[in-house]
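Student: Given chain C's structure and the hints, the job is docking chain H onto it.
Quick note, the sequences are listed as chains C and H, same order.
Taking our numbering, the leading residue of the first sequence gets 1, the next gets one more, and so forth.
Taking our numbering, the leading residue of the second sequence gets 1001, the next gets one more, and so forth.
Simulated from the structure, these hints should not be mistaken for laboratory data.
FRET-style restraints, in silico, Cβ to Cβ: (1) H:Thr1013 to C:Glu58: 32 to 40 Å; (2) C:Tyr345 to H:Glu1162: 48 to 56 Å; (3) H:Glu1243 to C:Tyr280: 38 to 46 Å.
Cross-link-like lysine to any residue pairs, in silico, SDA-like; alpha carbons within 25 Å at most: (4) H:Lys1193 to C:Glu9; (5) C:Lys14 to H:Glu1066; (6) C:Lys19 to H:Asn1179; (7) C:Lys45 to H:Val1032; (8) H:Lys1195 to C:Asp15; (9) H:Lys1191 to C:Glu58; (10) H:Lys1195 to C:Gln10; (11) H:Lys1016 to C:Ser279; (12) H:Lys1226 to C:Ala267; (13) C:Lys34 to C:Glu348; (14) C:Lys11 to H:Lys1079; (15) C:Lys19 to H:Glu1049; (16) C:Lys119 to H:Glu1049; (17) C:Lys11 to H:Phe1011; (18) H:Lys1023 to H:Arg1064; (19) C:Lys19 to H:Thr1013; (20) C:Lys14 to H:Pro1181; (21) C:Lys44 to H:Lys1191.
These figures come from a predicted structure and were not determined experimentally.
A virtual CB, placed ideally from N, CA and C, is assigned to each residue, including glycine.
One letter stands for each residue in the lines below.
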Amino acid sequence: MVNFELTKEQKMIKDMVRKFAESEVAPIAEHIDKTAEFPMDTFKKMGELGLLGIPFPEKYGGSGGDTLSYIIVVEEIGRACGSTGLSYAAAVSLGASPIYYYGTEEQKQTYLIPLASGKALGSFGLTEPNAGSDAGSTRTKAVLDGDHYTINGEKIFITNAGYSKTIIVTAVTGKNERGRNIISAFIVPSDTLGVKITSNYEKMGVRGSNTSSIYLENVRVPKENILGDPKKGFKQFLYTLDGGRISIAALSVGIAQAAFEAAINYAKERVQFGHTLSSYQSIQFKLADMAMQIELARNMVYKAAWLKDNGRPFTLESAIAKLYASEAAFYISNQAIQIHGGNGYMREYHVERYLRDAKLMEIGEGTSEIQRMVIARQLGL
Amino acid sequence: MNILVLLKQTFDTEEKIVLENGKVSEEGVEFVINPYDEYAVEEAIKIKEELGGEVTTISLGPDRFESAIRTALAMGVDKAILVDDPDVFGDEYTAAKVLTEVIKDQTYDLILAGYVAVDDASGQVPQRIADMLNIPIISTAVKIEIDGSNITVHRDVEGDTEILEAPLPVIITSQQGLNDPRYPSLPGIMKAKKKPLDRLSADDIGVSPDEVKAKTEVIETFLPPKKEAGRILSGEISDQGRELVQLLRSEAKVI
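Looking at chain C on its own, in the form it has when it is part of the complex (with noise of 0.2 Å):
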């Protein structure tokens, strides 16, 4: 009935992608968090692999992997680097996925093969100033003018907008008849005239991921680039959270693992008063809670992936996932400074890193709060 054993091929990414990420993702993270320089060699070199692809059919360029492969990778990368983990999630979740999902042929062909195929980003605009989990307040517009869109509007905390090739953008379209807004997402290409992107945030954490604002004035773009159904943009961005936010839970397990090890590893070399402090029960029982904690989030995580690979919902389970994980990733690594004393607290031993780049688990993708309220919401509340 129930089986919890990864199958060969899952098995074998996960050795393939943890050997990738010890030495080609790992030795840099420390510099793209300190330089905020953005890793486009890693992608570079993580598109040649076949890892931006991996839940796409190969008809799109992808690997034909599922749910589960993805996010054992996307774990593995956090573990080295959370900044080119968060890049790569929003990368497949949040970029591709959605012209998958809901994109027609033509724009599969057009815009999902080069992503799939790692040739280029995508990310997706649906933070603004005043809406982002909050989507009903949002007031960037498309207005359809002939046979094209004419977007006006501004999004914040976009995801490799810097580097990406296409942006999906969220825009209301219309009032339905009880006065809500329709909100329509669209294939917006970058280099659109009127585009304007701009990195200006200095961020707590990963650094190295690409943050960036959108602005949008008298974007034109053609009608056929209204993905999927126009009038349940929401619904259908909604579903797409659902599937990123399992990636930050796996991100999240992925920080979570390396501050551990950190911790652990430390806590037996490390001696005080003529012991290590792997001796003291103290100690112990810290380091217990955070492996329990770990546990316990990856099996959530990898439920909630095998929920959508099987096609069941996983609403529920994704937000307990996220809103899981993100919280064990920020004790854990918090934790890890702790044993790591006044070491920790420097750059040089990486948990500080851990700490900061974990506190973004808690609010990326729909904040801590926004998972509880998913969550009474499926309970019926």
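Tutor: Then chain H, alone, in the frame of chain C:
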């Protein structure tokens, strides 16, 4: 150019060796492609990509070898043969004899292998096979160039390089530095499961377990003694020298 690669699965080089009832325990151990065989796999794929042809790996070992073989298939090897019949497991003689029988049924221009396996480190099997097949062997290659039916190999000789030429077919064993093995790509991994892996028994290759019976016997397996804390000598350098020589003679008994 048809290339055969001899492939063995070994312990991950970072694994700790644990003895249980006088045998090396495989409990919870991670297995990998023998790192020197991985260079051979990469080289074979590179040659195939340049000159065309087919790459086949040949292995002798238990069922668990499959994961190493699938990794090689995911890297770009076309097909694989695994003799997984415990009746023909033995020593280096056994391995060479069995693999030679498998090789005789194949068409090949080149055979590649790692120069040594990192587990038992005997480094004998390719040489024995070359002898049994009566073809030349060049060991510890760090560079291979193929020109028509001739091959030029740069080989590592204790830090120096020796350049040798040979006609095909030939066996070449790889040394570290030959290449930088690729990661298996995601599409490669997905395709690997559809590539053929033939499992053969003693019967299939036409050898009787008796004729390939091991010629050696393992008497005892033990771990090297634990490294003891070192000692730092003090005093005048000339006295230290005298003391050192004396200790090497009386205590360490090495001179």
